[in-house]
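2 protein chains.
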Amino acid sequence: MAALEGSWVTEAHELGQCAISFQVNKLLHAEQSEFQKIEIFESAAWGNIMVLDGCLMVTTRDNFLYHEMMAHPALFTHPRAKRVCIIGGGDCGTLREVLRHEEVEHAVQIEIDERVTRLSERYFPELCESNDDPRAQLLFIDGVKWMAEADPESLDVVIIDSTDPVGMAEGLFGREFYQTALKALRPGGILVQQSEAPLLHGSLISSMRTQMKGAGFQAMRTLCFPQPCYPTGWWSCTMARKGVDLDSFRERGAATKKFPTRYYNVETHRGALALPEFLREQLEG
Amino acid sequence: MAALEGSWVTEAHELGQCAISFQVNKLLHAEQSEFQKIEIFESAAWGNIMVLDGCLMVTTRDNFLYHEMMAHPALFTHPRAKRVCIIGGGDCGTLREVLRHEEVEHAVQIEIDERVTRLSERYFPELCESNDDPRAQLLFIDGVKWMAEADPESLDVVIIDSTDPVGMAEGLFGREFYQTALKALRPGGILVQQSEAPLLHGSLISSMRTQMKGAGFQAMRTLCFPQPCYPTGWWSCTMARKGVDLDSFRERGAATKKFPTRYYNVETHRGALALPEFLREQLEG
Chain A
1 MAALEGSWVT
11 EAHELGQCAI
21 SFQVNKLLHA
31 EQSEFQKIEI
41 FESAAWGNIM
51 VLDGCLMVTT
61 RDNFLYHEMM
71 AHPALFTHPR
81 AKRVCIIGGG
91 DCGTLREVLR
101 HEEVEHAVQI
111 EIDERVTRLS
121 ERYFPELCES
131 NDDPRAQLLF
141 IDGVKWMAEA
151 DPESLDVVII
161 DSTDPVGMAE
171 GLFGREFYQT
181 ALKALRPGGI
191 LVQQSEAPLL
201 HGSLISSMRT
211 QMKGAGFQAM
221 RTLCFPQPCY
231 PTGWWSCTMA
241 RKGVDLDSFR
251 ERGAATKKFP
261 TRYYNVETHR
271 GALALPEFLR
281 EQLEG
Chain B
1001 MAALEGSWVT
1011 EAHELGQCAI
1021 SFQVNKLLHA
1031 EQSEFQKIEI
1041 FESAAWGNIM
1051 VLDGCLMVTT
1061 RDNFLYHEMM
1071 AHPALFTHPR
1081 AKRVCIIGGG
1091 DCGTLREVLR
1101 HEEVEHAVQI
1111 EIDERVTRLS
1121 ERYFPELCES
1131 NDDPRAQLLF
1141 IDGVKWMAEA
1151 DPESLDVVII
1161 DSTDPVGMAE
1171 GLFGREFYQT
1181 ALKALRPGGI
1191 LVQQSEAPLL
1201 HGSLISSMRT
1211 QMKGAGFQAM
1221 RTLCFPQPCY
1231 PTGWWSCTMA
1241 RKGVDLDSFR
1251 ERGAATKKFP
1261 TRYYNVETHR
1271 GALALPEFLR
1281 EQLEG
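For the protein sequence lines, the chains are A and B, in the order given.
The opening position of the first sequence corresponds to residue 1 in the working numbering, with each subsequent residue numbered one higher.
The opening position of the second sequence corresponds to residue 1001 in the working numbering, with each subsequent residue numbered one higher.
Possibly wrong hints are sitting among the right ones.
Stated by the list, open to error - Each pair of labels, with its calculated beta carbon distance range:
{"#": "1", "chain 1": "B", "residue 1": "P1187", "chain 2": "A", "residue 2": "E5", "range": "50 to 60 Å"}
{"#": "2", "chain 1": "B", "residue 1": "G1214", "chain 2": "A", "residue 2": "E42", "range": "32 to 42 Å"}
{"#": "3", "chain 1": "B", "residue 1": "V1166", "chain 2": "A", "residue 2": "V166", "range": "34 to 44 Å"}
{"#": "4", "chain 1": "A", "residue 1": "P125", "chain 2": "B", "residue 2": "F1140", "range": "34 to 44 Å"}
{"#": "5", "chain 1": "A", "residue 1": "E129", "chain 2": "B", "residue 2": "Q1032", "range": "51 to 61 Å"}
{"#": "6", "chain 1": "B", "residue 1": "F1140", "chain 2": "A", "residue 2": "S207", "range": "46 to 56 Å"}
{"#": "7", "chain 1": "A", "residue 1": "E114", "chain 2": "B", "residue 2": "E1031", "range": "51 to 61 Å"}
{"#": "8", "chain 1": "B", "residue 1": "E1102", "chain 2": "A", "residue 2": "E5", "range": "46 to 56 Å"}
As the list claims (entries may be wrong) - Pairs of lysine-lysine, DSBU-like flavour, derived with a Cα cap of 35 Å:
{"#": "9", "chain 1": "A", "residue 1": "K257", "chain 2": "B", "residue 2": "K1213"}
{"#": "10", "chain 1": "A", "residue 1": "K258", "chain 2": "A", "residue 2": "K183"}
{"#": "11", "chain 1": "B", "residue 1": "K1213", "chain 2": "B", "residue 2": "K1082"}
{"#": "12", "chain 1": "B", "residue 1": "K1213", "chain 2": "A", "residue 2": "K258"}
{"#": "13", "chain 1": "B", "residue 1": "K1145", "chain 2": "B", "residue 2": "K1213"}
{"#": "14", "chain 1": "B", "residue 1": "K1257", "chain 2": "B", "residue 2": "K1037"}
{"#": "15", "chain 1": "B", "residue 1": "K1183", "chain 2": "A", "residue 2": "K26"}
{"#": "16", "chain 1": "B", "residue 1": "K1183", "chain 2": "A", "residue 2": "K213"}
{"#": "17", "chain 1": "B", "residue 1": "K1257", "chain 2": "A", "residue 2": "K213"}
{"#": "18", "chain 1": "A", "residue 1": "K26", "chain 2": "B", "residue 2": "K1026"}
{"#": "19", "chain 1": "A", "residue 1": "K37", "chain 2": "B", "residue 2": "K1145"}
Unchecked claim - Quick look at which bits of chain B chain A covers, simulated, 3 or more residues with Cβ under 8 Å:
{"#": "20", "region": "1069 to 1082"}
{"#": "21", "region": "1261 to 1268"}
Rather than coming from a laboratory, the hints here were simulated on the basis of the structure.
All residues carry an ideal CB built from backbone N, CA and C; glycine is no exception.
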């Protein structure tokens, strides 16, 4: 039970009674924004690390896992997503992955805390490289309110790239919000939402899917993928569709995509759709 | 960078500059065996936790991921594995999974440190529940030496369930050992070895596969799976075959298996075969 020597940044997960730490060189920035405490650390092995209210959010090294899996499965499942909305996602990494898709004509990112994006532009410039894309729109307002006022049938894909379902993100995990998203989606449209750790949050995932179904979504699928900087190192997102199928996707399009990925490919997309037996029993049993 | 409050057991990974911690109630046992320091902790959320020379080895809660993936993909790929050998695996969890397969007539576990098994019997009794199976044989000798003296073409599956490739396990990761295993395998036989963290150890995995090929194995596949108590929470095993195919497996057999699993099923088996793009480029590019 030796203490860690040197400087480390640690997130302890209360429910999980487990913690993840990264060795860091120094604190690059710390501030209390209107919404949360934001810290940026520099590390030798993981690049820069963003911490929000004590929770590890992004590292330069491993964010590709999460960002690719939040964007590409939904976009390769939709036949041709022209209009995409990202709720949260202030580090802009999901926006970058979305805009790699040529079929996307407009992508709006609605992040409540502008400081997350401004600090990301400074400390994670590679994640923000598409912020100036003419198809991108960055808003710094409340995503729940924006969605409630969105034009009906104006979106093809809604990506909910939020923090944990407590505090300000809580409203993004309930039936009322899902109803507004369903209304804003065109037929065939897809909502995808980060859905926490499969090993710790099975009942949350189950509850999300119940609320999605209750809101009128016809199909739900939970995808699992590795994410070392999040509790247990194993994460998930859940897709819901205003339509019937989330199992088939544009495999030919994914196999011949013209942009690079580091985790996503046809096989990992299919693989992510595989539910571990314990989760299958919890969600479908 | 707050220190963890209360009692925690932590493994810091030097190369990865990351650490994983579990909150514990108390130290149940500690000893220096002939080979290593063995500690057993009790925790509320993860059950008992075994630590060998400071490395987190097994928790009651999450060991099913590793043990199922070390056993079932190889055994459902082989048409009918009658004789299985496990090198290492002293906690007996892999042995238990192997013996769930009715076609297995004999399974020998060759663990160098008898104390690991004796303490596992005491603190992880569920992992040891098949130790008295008449098909099981437990030896506490050097696995490298045993394999060098094994009868030619006497085994169907060899599972190398060892610690990291340093110190006493180092000899299990080289061409000479693979040559002895190849000789001991019958045609169509499969070797499967734990192969560390995909995100940290790509060059080790690549080197293992090169050595396996050099030893005469004809096909290699690396499978990735979650494992929260190991560095990055994301782990792998690598299969090598005295034969040509590791992609197809007995899907019907896996779908109708008569024993329970918590992670493994037809879909997660197929999903584990999906190589993340960065690893595909490193191993096949």
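Each hint tested on the structure:
no., hint, in the structure
1, B:P1187 with A:E5: 50 to 60 Å, "51 Å, holds"
2, B:G1214 with A:E42: 32 to 42 Å, "41 Å, holds"
3, B:V1166 with A:V166: 34 to 44 Å, "41 Å, holds"
4, A:P125 with B:F1140: 34 to 44 Å, "56 Å, violated"
5, A:E129 with B:Q1032: 51 to 61 Å, "53 Å, holds"
6, B:F1140 with A:S207: 46 to 56 Å, "48 Å, holds"
7, A:E114 with B:E1031: 51 to 61 Å, "56 Å, holds"
8, B:E1102 with A:E5: 46 to 56 Å, "50 Å, holds"
9, A:K257 with B:K1213, "32 Å, holds"
10, A:K258 with A:K183, "32 Å, holds"
11, B:K1213 with B:K1082, "25 Å, holds"
12, B:K1213 with A:K258, "33 Å, holds"
13, B:K1145 with B:K1213, "21 Å, holds"
14, B:K1257 with B:K1037, "38 Å, violated"
15, B:K1183 with A:K26, "53 Å, violated"
16, B:K1183 with A:K213, "56 Å, violated"
17, B:K1257 with A:K213, "32 Å, holds"
18, A:K26 with B:K1026, "33 Å, holds"
19, A:K37 with B:K1145, "57 Å, violated"
20, 1069 to 1082, "violated (count 0)"
21, 1261 to 1268, "holds (count 7)"
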